[in-house]
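Number of protein chains: 2
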Amino acid sequence: MPDKVLRMVRSEGAGPALRPVMLAIAGDSAAGKTTLTQGLVEALGADRCTSICVDDYHAFDREERRDLPFTPLHPDCNYLDIMEQHLQLLALGRPILKPVYEHATGTFTRPMYVEPKEFVIVEGLHPLSTKLARACFDVTVFLDPPEEIRRGWKVERDCAKRGYTPEQVLADLERREPESAAYIRPQRKYADIVARFAPIATRNDPPGTPLSAELMLRPTIQHPSLSTVLTDDNRTAMHLKILRDADGTPTDCLHVHGHASAEEARQLEKAIWAELDVDGGPPESLGRIGDIGRSEPLAISQLILLYHLLSAGTVDR
Amino acid sequence: MPDKVLRMVRSEGAGPALRPVMLAIAGDSAAGKTTLTQGLVEALGADRCTSICVDDYHAFDREERRDLPFTPLHPDCNYLDIMEQHLQLLALGRPILKPVYEHATGTFTRPMYVEPKEFVIVEGLHPLSTKLARACFDVTVFLDPPEEIRRGWKVERDCAKRGYTPEQVLADLERREPESAAYIRPQRKYADIVARFAPIATRNDPPGTPLSAELMLRPTIQHPSLSTVLTDDNRTAMHLKILRDADGTPTDCLHVHGHASAEEARQLEKAIWAELDVDGGPPESLGRIGDIGRSEPLAISQLILLYHLLSAGTVDR
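Top to bottom, those sequences are chains A and V. According to our numbering, the residues represented by the first sequence are 141 to 457, in order. According to our numbering, the residues represented by the second sequence are 141 to 457, in order.
Bound conformation, chain A alone (with noise of 0.2 Å):
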């Protein structure tokens, strides 16, 4: 408590606000973006990083829910509006008293209160639904794992940390898909980068090997360039190609492959981190998901968002 205290006497003398770097994480439940966002975290370092979950801002808890004729994924079920007052003071760098939806009872608790720090991550089902709230992020990503891989992760985590049984779990994918495909999976095309991790289909990987990642990079924001270290030499574990999108703009897609050595994504975590002005080499941490060990696909997604929190933060805000 006294910390607490401490804290809110100093922040009072601290003068303007300084405005943070502001990422979004969305994508539908159990894409995996807490994995996403907790590499990031422990890259930056907890005291540098204010990450959120927007799915707090569910309007009905579960009770209330089980009378309502949509799920937690409909913009009603959802005080959409607070969220984007919210992200609008976090822009600012102001405080917010955010509420707080548990996840293991299905029911709100005491709201917390929430500083931005250097960099905001803010993740959950809804965070680029409105213009409002798009308008507040410097960095957007939408996760977009193939429905079979997402229905895998979503049943395991449910099931062991939210006390659903399998059959619940995948009752509840199949009501949810009509606002899936109505309110969730739309936010795909405001980010302004895309990521998909997924075995690849035509290769007998062996059991184990790391779901490849396929990063769509859009021309929104301006990315590392990739092209000058992606040459024809490094062709086999990862590439970038140029396709359309769905609305026919050209769009870098960089492939990383779950077979590609830690040598040779080193090789491309190095290009990428000398682009940034900053010291030392890229943090140890990425690419962790939980005991497994660890992904190349994953540490490069990883990567390339650091890339752009750490130079967004270089800019003149």
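Take the hints with a grain of salt, since some may be wrong.
Any copy, or any two copies together, can satisfy a pair, since identical chains are not distinguished.
[Unchecked claim] Within a straight-line C-alpha distance of at most 35 Å, the following computed DSBU-like cross-link-like pairs (lysine-lysine) qualify:
#1 Lys381 <-> Lys410
#2 Lys238 <-> Lys381
#3 Lys301 <-> Lys271
#4 Lys301 <-> Lys381
Calculated from the structure, these hints are not laboratory results.
For chain A, the structure is supplied; the task is to place chain V on it using the hints.
This is chain V only, laid out in the frame that chain A set:
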């Protein structure tokens, strides 16, 4: 639930937010803020009023406060920055997600979505404690009962509704006194109206006589022109005199005696009401104190506030 949803859906299409009239009622614990507020809400109609208590912005629950060197009266025991934010949002006609502190248990529960209606009444310990907060209000009131009266009210209420014993309440009052002096009473100087309900020392009114009201009507806002009504004819039960405020500014002071008859009060009420361009007479519900009956001094105090709320509402905002 469906009601809540419908309201949300409806409000989306409602166009630009309307700015409400904002009234602050500040004062120490058990100074009579809720009694005053309830009468106003009843008179205006609950469908036109939003009333909130800013003591919900406590930063610590009862348990945590045990280890802290200060009481809830201390600014550092409250998220006054969040209170300021929320007052600004309400003043702009925007909704807030208000924290909820439960006095019965001393804990924080699920926050509440609050949309400002035509009139917003904000009561609490600290609504006038910062410049930004004060700037949100059209009219500000400070309740200033004599300490022995307030002590009696606090013992009565805290024992009946908050589960304390009289000894605990009295010890608490003593512990709070330095912070009352430092942080609550200084708000008195920022109020447009200072209201003091008290018995008249020089009279021996029969038991059950309502408390008299002494209303300092400061020239910071334009009050109804009482001087034309309060002539020598009705000087017995009500009178108006000019005095100097602590800083020397001339200020009107209206006295309404507890023994004022309903007829006498009626005359003044009609005169105040006539200055407003509204249909019908003054609301019947004014002056009610619990089940005790009607107090003319309270009724007239509420009517003056009602006058300000209704006339502020007619000004182009």
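Against the structure, the hints:
Taking the shortest Cα distances, lysine 381 and lysine 410 sit within 35 Å of each other inside one copy (20 Å), while across copies they are farther apart (81 Å). In this assembly of identical chains, lysine 238 and lysine 381 lie within 35 Å of each other by CA distance neither inside one copy nor across copies; the values are 41 Å within and 49 Å between. Within a single copy, lysine 301 and lysine 271 get their C-alpha atoms as close as 33 Å, which meets the 35 Å cut-off; across copies the closest is 46 Å, which misses it. In this homomeric assembly, lysine 301 and lysine 381 never come within 35 Å of each other (Cα to Cα): the closest approach is 39 Å inside a single copy and 69 Å across copies.
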